[in-house]
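Novice: In case you want the letters, here they are:
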Amino acid sequence: MHGRFTTLHAWLLALPAMVLLVLFTHYPIVVTLFDSFMSTPKKHRPSHFVGLDNYAAMAGDPVFWKALTNNLIYAGATIPISIALALLMALIVNGRIPGRPLMRMAFFTPTVLPMVAVANIWLFFFNPNYGAIDQLLQLVGLTAPNFLGQQQTALWCVIVVAIWKEAGFFMIFYLAALQTIPPDLVEAAAIEGAGRWQILRRVVLPLLMPTTLFVLINAVINAFRTVDHIFVLTGGGPDNATNVLLYQIYLVGFSFWDQGYAAALTMVLLAGLGAAALLQFFFLDRRVHYR
Amino acid sequence: MTDAAATLPLPAENRIGAIVETLGAWLLGVLWISPLLYALWAAFHPAAYSAHFDLTAPLTLENFVKAWNAAPFARYFLNTVLLVSMVLVGQFVLATLAAFAFARYAFFGRDVLFGLVLVQLLISPDMLLVANYNTMHMLGLVDSIAAMALPYMASAFGIFLLRQTFKQVPQELDDAARIEGCSALGVLWRVYMPLARPVYLAYGLVSVSYHWNNFLWPLIITNSVETRPVTVGLQVFATPDQGVDWSIITAATLMTSGPLLVGFLIFQRQFVQSFMRAGIR
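Same order as they appear, the protein sequences are chains A and B.
Residue 26 is where the first sequence starts when you use the numbering used here, and the numbers rise one by one after that.
Residue 655 is where the second sequence starts when you use the numbering used here, and the numbers rise one by one after that.
No lab work stands behind these hints, which were simulated from the structure alone.
The reader is advised that the hints may include incorrect statements.
Claimed, not checked - Simulated restraints, written as ranges between beta carbons of each label pair:
id, chain 1, residue 1, chain 2, residue 2, range
1, A, L58, B, V735, 35 to 43 Å
2, B, L839, A, G220, 53 to 61 Å
3, A, L127, B, L732, 56 to 64 Å
4, A, Q176, B, N723, 14 to 22 Å
5, A, A213, B, D708, 51 to 59 Å
6, B, L736, A, P153, 54 to 62 Å
7, A, Q204, B, N723, 45 to 53 Å
Idealized CB from N, CA, C, for every residue including glycine.
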């Protein structure tokens, strides 16, 4: 199938999807970049070019730095922990332990539920007066701190909920990959006298690398995109202790209606994601064994 | 999922080790499910027992009745169902057509176009809140179900997934159908789509659960009972500061996740498999 007629035909097939993609993904990226160099329109003063003013304001804004730091901590904790737990869960569910179907259900169920809904349940767990953690601590004569109300612990609560929600999702991909590993490979290694840790490290993990890369990319994107539970648990507080980039973009864009500044913040988020993608593409990709 | 016990034994070194591992695994499982078990406890017991665990506590459905009456949940459910179906139909149609073009046509600009599609895998519309809100404002669609659905209808994930699937369809089947007199769209309808049925199921389940749960974009773009989906409705309703009982909040929480939870428990196997299929290819 070649020639002008096929090209026209193919373009027509792709057109509806492309129009919507451009309208809601590419166009807004360009507009956001443009807006980040413009002032926010006010009643008596339409939007005008301000150069790098928004970025300069951002660089001098402690809340931005706080949100960025929080986001990096949030990513740095949720990504490795949820991936490691996902692998562990997959090995458990793929093993010979009794009650495997129940375990698979226990690990995977959080994934299918709305984040806003499950965050409401966790709110109770963290409650300082009658929450579940408080009650457990009372058994040994301790009182729980106000986990969500104090700066030192609030971000970690948000991280715990994110890991709880996400690990089961990643488990599924590891589970699928584990089931494609030929048993003879493991048997051969065992006959050669390899212990289970050696088998895991030398045989299983290398074969899981493509899955790990796939999961990693998703985990990175999620670490900058998952903010639903923050609305429920803390609202970004106390004193921005749980504020992250996307949440700050929401606040600036829709609570303070400062669109120019929100655009500059969005550009930081997009640049960060782009950089992460390039990094993974150029460095990690080479170390992956493709089947 | 077929019985996988044989694929990767990694046996424990000894018997005691195996027992310890089993207990450890169970502990992790219990830990993981405990928030949901708690929610079930609180929702089905009177408020007095919401933080007081007593096996003799009476069971009740009153919390659900109260929650249902406390906010227009019927309307929220209708909105969510409309939203989810609109997105699903849109995604199926648009992704199918585009994926067919990318999989089986050699045309001018294909690689550039496909590159543009892949951008959306990284940067999703819900990160571009402000710009997309302004677009909806220009289109006069703010506070409508269409506005919630439109940004997601062209899905890079769906196009990518279906393209991979269509590429695996043997070219001979395509040729044979054309010799029989099928048009391009006829071939798509009679050959490609039936062969891709499991992928549609997988993609459909992933899409429905994602959009049932979606929160941030609907929160921004809706501001009335007539458009709000259950996730946003729940958040508007469940603010403990307003003095709503915990038991009622947990009941509402279970209610909003109920259809997905029940569906998941019934179709557990298909659900897990489809998530795997959707991710792996």
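Novice: All hints, please: hold or fail.
Specialist: Results of checking the hints against the structure:
Against the hinted window of 35 to 43 Å, the Cβ-Cβ separation of A/L58 and B/V735 comes to about 37 Å, which satisfies the hint. In this structure the hint that B/L839 and A/G220 lie 53 to 61 Å apart at CB holds, the actual value being about 58 Å. Distance hint check for A/L127 and B/L732: the Cβ-Cβ separation is about 34 Å, which falls outside the suggested range of 56 to 64 Å. Between A/Q176 and B/N723 the Cβ separation comes to about 39 Å, which falls outside the hinted range of 14 to 22 Å.
One distance hint, 51 to 59 Å for the beta-carbon pair A/A213 and B/D708, holds here, with the actual separation near 56 Å. At roughly 40 Å, the beta carbons of B/L736 and A/P153 sit outside the given window of 54 to 62 Å. Remark: the range hint 45 to 53 Å for A/Q204 to B/N723 is upheld by a beta-carbon distance near 47 Å.
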